[in-house]
Structure formats: structure tokens, C-alpha cells
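Chain residues, written in single-letter form:
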Amino acid sequence: MSLHGTTSQTIGPYLRIGLEWMQIEDLAPRGVSGERVTIRGRVIDADGKPVNDAAVEIWQANSHGRYANPEDRQDKPLEPAFRGYGRSLTDEDGSFRFSTVKPGRVPGPGNSVQAPHLNVLIFMRGLLKQLMTRMYFPDDAANAGDPVLGLVPAERRSTLIARKTSDGTLEWNVILQGRDETVFFDF
Amino acid sequence: MNVAPYRRPYWNTQPEYLFPKYASTVKRAPAQPLVVLPHTLSEVTAPVFGYDEVKPGDADLTKQHKGEPLGERIVVSGRVLDENGRPVPNILIEIWQANAAGRYNHRVDQHDAPLDPNFTGAGRFFTDKEGRYRFMTIRPGEYPWRNHYNAWRPAHIHFSLFGQGLVQRLITQMYFPGDPLLEYDPMFMCVADEKARNRLISTFDWENTLPEYALAYRFDIALRGRDETPMENKR
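Residue numbers (the working numbering), protein chains in the order written: chain A, 1 to 187; chain B, 1 to 235.
Don't read these hints as lab results, they were simulated from the structure. Note that the Cβ used here is the ideal one computed from N, Cα and C, for glycine as well. One thing to keep in mind: the hints can contain errors.
[Claimed, not checked] Cβ pair distances, simulated, as ranges: (1) B/P114 <-> A/D140: 31 to 41 Å; (2) B/Q32 <-> A/E92: 47 to 57 Å; (3) A/D47 <-> B/W11: 30 to 40 Å; (4) A/G110 <-> B/P87: 28 to 38 Å; (5) A/G110 <-> B/D60: 42 to 52 Å; (6) A/D47 <-> B/W206: 48 to 58 Å; (7) A/T165 <-> B/W11: 39 to 49 Å; (8) B/M1 <-> A/D180: 29 to 39 Å; (9) B/K21 <-> A/E92: 26 to 36 Å; (10) B/D60 <-> A/D93: 53 to 63 Å; (11) B/L215 <-> A/T165: 49 to 59 Å; (12) B/W206 <-> A/A154: 53 to 63 Å.
Hey, can you work out the whole structure from these sequences and the hints?
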């Protein structure tokens, strides 16, 4: 049997009706191991205006570098309290936030090992299909050898790396278009 | 570690980001080239949800308030398969829609049509082991929007699906057969392949009608298919 995948359609402006019940901004309840991180960012359009109707979803490994999914059969600990999925709906100034633990490293293509990263999906009115990108962590030595960052033109890599602010939170903005446009993937 | 990748979509079956007939894409579509992402463990895994996270009543949008919502009750059901024809079991489906008058229960929707105190318009379901799902709802109304002069959306229900891999995640809209607004709708018309568009239209589903209670529509969904074996991650 061979089917063609169903065509994607926009999430539209009324996504909150369907998605708000499962807004998950705090991914790691007490007891989950790993370095605690708070991530804040804004989604900005081509005119520099905040996008107040976006959904930002993240998917990440736990601090040991294992995904809570049956396909990940690595010999690393799983933590039942940590699913690794977050969903934040942007507010009036286009901002989203997540509180989680820094993921460990997961295998990449061949013998490579990926730097810690969040996998990010972005949905909004005006996007007929989701955007996919990644957020990496600042000052992580593993970034230099990451097999996916290495595919990104060097001058644009910084758009995928969060910035540590003076209060210790990580800031990572999603610029949809224009100068400093975030790198998005063809997935 | 090489993983079996998901296949890329067939041409003209998935929209491009920039589609000026849908005006909001102009300021929100990326302008820089996309970077082709190899599929790694990060892309072929996805969150797993538990059945206890969805209540049995979440699949009946007509029973979420004290009274009955206005409008025509309908059963919406179907199967979720992948492109290889395999059922996609145990995945979360979220739906949302306008009420029978074409008004969303959302502060941004200022369309001059009545809200229905007995209708929120949100539902959830976990596919069973055969990939099946089923909702009871009311038929949504058409409504105007501001994309262009005298623009109207055809009646539709929004669907959000998680797949077994992150790259299978799909958000789409289900339409109704015979809707005269479809050919005027830039969202429905967003891909060149007519067959792909027509797969977004549900079919009238006599077998699932409930005598003296509800008509029924069937909407089958296909998520991306996966290759059998790990490949070198090159296109």
C-alpha cells in the first residue's frame, strides 16, 4: 500500500481553543535530574512585530541523553517523570517560556554525537506548515563538533544558540524573516 | 548511529511557506534558504502520551456543557495510517472548530454571529491499535475572514496529530463534500496537486450515521512514511 501524506494546513488564529488544555511550560518536576534551565524568547515577524498567536513546541532528551520514546534503546537511564515535551503559546508580546533540564548528548549520523539541543516546532496563522528549528546551549564545547550545526552556514549558526542573560535565564528569539532570520530546517 | 529516515513528501502535495494568495504568509514565511536536516534519533522519536490524559468525554463535543449545542450533530471518524499503509496507533489527536453559526469561542473572533454557551469546540482522542478515531460534534459553519474582499472560509475542522516521529507531526483541516467555497479558499488551494487537495475533503459516511440522531463523515489521514532501513543521510 502506498499513500500520499495528508496536506498540511495552517493552525490558524484560534489554536488556543484546541491546544491550550495541554500547555506545558514546566517540563521537569522536582526530582528530575539535570541542570535546570529557564528559556525565554519571542517570536518576531518580518516587520519586527511580535507574533501573539504562535505555538512553540519542544522535544528533548533527558539529562542522560535519552529520549522517552520506545525507539530510543540506548543503555542510558530513563526518568518516568520526564517526558521531554513542552508546549508554550505566545502571549501579546510574542513571548514563550520553558523551564526544563539541559538535555544530554544523543547520537547523530554515523559515529557522531550531537551537542545538547532542543528540537523546536513552530505553528501559527500564516504558516501553512510548521517551521522546524533547534535551540543549542551557549558556551557548550560540543557545539563546535555538532553534525547538524555543521550543516548551517557559519554566519547563521548563532541564530540557533541561546544567549545567557545576566539573571541566568537563556534567551532565544525566533526571527521569522529578515535580518538575523532564524535558521529553519527542511525536515 | 544511522536511523531509517522518513521519506520526503511527493511534489506539490505539501504547501510552500510563501503563498501570497494567503496574505499572512508574506510576513511570516522564511526568506532564507532552509537547511536540509538529516533524520537522527531526535527526528524519528516523538513524545508519548498516556491514555489517562484524555477523558472519554473529550471525544464528544456535544456533551461538554449543561445543554445541547445548536446545529446539526455529526459523527467524524477515520483512520490514521502512514504512507506505507500501516495504522498509526496510540497517537494524540486534538481538534477544534467554529460553532454552527461560524463563530469561534475565542476573543480574537469578532465575527457578528452568536456564540453558543453550550459549545466550546475542542476535542481529543487517542487512536486505537488500528489507528482509528471517532468524534461526535456539530457541523461547523462557514465564516468571513479578511484575507481579501468578501473572503469566506469553507466549513472545516482543525486537526492536530502527533506521529511516532517528530517529523510526522501534522496539523491540517478537514473540509466537507460539496462545499461551494472550497475553490475560492486560498488555504484549501495552497497545493498544486488537485488529488492532494481533495484528500482534505471528508466523505459522507452512511455506515456510521446514527438513525434519528446524527449524520456521519469520514476523514482518513496519512502521516509520512518511513524507509525500511537506515540510509546514508543524504537526499
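Worksheet item: Against the structure shown, which of the earlier numbered hints fail to hold, in ascending order?
Response: 1, 2, 10
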